[in-house]
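Each chain, written out:
There are 2 protein chains.
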Amino acid sequence: MAGARVSLTALDGLPLIKAGDDLASLLAEALRCAGIAPANGDIVVVAQKIVSKAEGRAVALADVKPSPRALAVAADVRKDPRLVELILAESNEIIRQAPDVLIVEHRRGFVMANAGVDQSNVDADGAHALLLPVDADASAATLKARLDRAFGVDFGIVINDSFGRPWRKGVVGVAIGAAGVPALVSMVGRPDLVGRKMRVTEVAFADELAAAASLVMGQSDEGRAAVHLRGARHEGAASAAATLLRPKETDLFR
Amino acid sequence: MAGARVSLTALDGLPLIKAGDDLASLLAEALRCAGIAPANGDIVVVAQKIVSKAEGRAVALADVKPSPRALAVAADVRKDPRLVELILAESNEIIRQAPDVLIVEHRRGFVMANAGVDQSNVDADGAHALLLPVDADASAATLKARLDRAFGVDFGIVINDSFGRPWRKGVVGVAIGAAGVPALVSMVGRPDLVGRKMRVTEVAFADELAAAASLVMGQSDEGRAAVHLRGARHEGAASAAATLLRPKETDLFR
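Going down the list, the protein sequences come from chains E and Z.
Just so we're aligned: 65 in numbering that gives the first Met the number 0 is position 66 of the first sequence, and the numbers increase by one with no gaps anywhere.
Just so we're aligned: 107 in numbering that gives the first Met the number 0 is position 108 of the second sequence, and the numbers increase by one with no gaps anywhere.
Hints may contain errors.
For chains that are exact copies, the list does not tell them apart, and a pair is met inside one copy or across any two.
[To be verified] Keeping only pairs whose Cα atoms sit at most 20 Å apart, straight-line, the calculated EDC-like set for lysine to aspartate or glutamate is: (1) Lys247 to Glu89; (2) Lys247 to Asp99; (3) Lys247 to Asp79; (4) Lys64 to Asp147; (5) Lys168 to Glu234; (6) Lys78 to Glu92; (7) Lys64 to Asp153; (8) Lys168 to Glu248; (9) Lys64 to Glu234; (10) Lys168 to Glu201.
Hints are computed from structural coordinates only; laboratory data are not their basis.
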């Protein structure tokens, strides 16, 4: 394809999001504010934080009573026992623990630090922590249905978060929810540049979308929590971000 | 920043690359072909394959004599012993081996499958394998120096490859070489949206650039092996992709 081009635009018309906000309406308004005329195949990447906030997933730490297990883990990993209580409640199991490190399998299968429980961007005094959406794939599907209807086009939606990785420093944007895009794209049987069959069999398309959007969102105080992306070609059936989870039995690093 | 925007454009004026090609000149020509007027801060993401090819890193498998160790590992992982010989020669150590899986620490520190040794996109009959560049950070620095001089601007260069990950299916674009961009961006001490100090301390900026470019490159037969990226804001001193490597001693998954 000649001149393949992808563009990403921050939807900075979005206000600060609070519990109960109608995020789909606010995203539609932000798309209009940005002067974007949505087209089929356009993708909106939404930061997990604003989805969680809209869904009322902030928890007052004062209301959390740590269990004996949370107290023991907290002592080992040097974190607030109330945070650890929330993390454990959001997790299937602990994968690794060490001072300042608590890597778990989140109840939806993501292997990640702190089950995504986060004190930043919630309130200035740290009195609340924010949990991941109950089901980010379902959240993405809902946003897609609403935006599709609002504009009469076929959107892709990705909900992204920032994950650390083994072996490499720094966090990267990762998809925790997806709708209307194939989260994983199979390359099996496609010819490469010189006609050999591809050996790389699957591309984590939704994760690449999530990482690309992170470039525009930034991590800091700028509040660019949603990004419109156009031009990323995708083929194949849409699939949820849960498709990206490697089964525990086939993972050599569990 | 109002209307933050990132755009990525495939440089499809690039010919098929062969050993000895002057890649910097070809990239400069491809930028001109694409009608791009380079500006300070523009980033060119180049696929590892074409850097390796230009640097003559293709090896004829017929010339490879597997060692006894390579034969033993090959039997275990069910790969061509000559490929395994090349992989081991490119590696510091094996991290995991299992049928169809050989994850190593590449001699430059990347933990990756097969030390990046690849038979796709080299020749149709599979007679050659392609190794990673000898030093992709040095390759990136050379490309930067040449492109900076050609256009009189300050470029960023990222050399990307596709890596699999633990816990998640699919490959994503990752930086194996970088020049003129901070590979890792520190967020320490920056305020978040509500004025709390950030707890996420580092973003793998070069990896997010690499993943974003992968969206445009595709993985298959399209030959879009270089991408021009504009609008990704970066602050802080440039650093090499080697900065992204987590020291073995501090890695809980080695």
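Here's how the hints hold up against the structure:
1. In this assembly of identical chains, the alpha carbons of Lys247 and Glu89 lie at most 20 Å apart only when taken from the same copy (18 Å versus 29 Å across copies).
2. Only between protomers do Lys247 and Asp99 lie at most 20 Å apart by alpha-carbon distance; the minimum there is 17 Å, versus 24 Å within a single protomer.
3. In this assembly of identical chains, Lys247 and Asp79 lie within 20 Å of each other by CA distance neither inside one copy nor across copies; the values are 29 Å within and 28 Å between.
4. Proximity of Lys64 to Asp147 under the C-alpha cut-off of 20 Å is found in neither arrangement, the shortest distances being 42 Å within a copy and 58 Å between copies.
5. Proximity of Lys168 and Glu234 under a CA criterion of 20 Å is satisfied inter-copy only: 18 Å between copies versus 32 Å inside one chain copy.
6. Taking the closest pair of Cα atoms, Lys78 and Glu92 come within 20 Å of each other only inside a single copy of the chain (17 Å); across copies the shortest separation is 35 Å, beyond that limit.
7. Taking the shortest alpha-carbon separations for Lys64 and Asp153, neither the intra-copy value of 45 Å nor the inter-copy value of 54 Å comes in at or below 20 Å.
8. Only between protomers do Lys168 and Glu248 lie at most 20 Å apart by alpha-carbon distance; the minimum there is 13 Å, versus 26 Å within a single protomer.
9. Taking the closest pair of Cα atoms, Lys64 and Glu234 never come within 20 Å of each other, the shortest separation being 48 Å inside a single copy and 42 Å across copies.
10. In this assembly of identical chains, the alpha carbons of Lys168 and Glu201 lie at most 20 Å apart only when taken from different copies (8 Å versus 24 Å within one copy).
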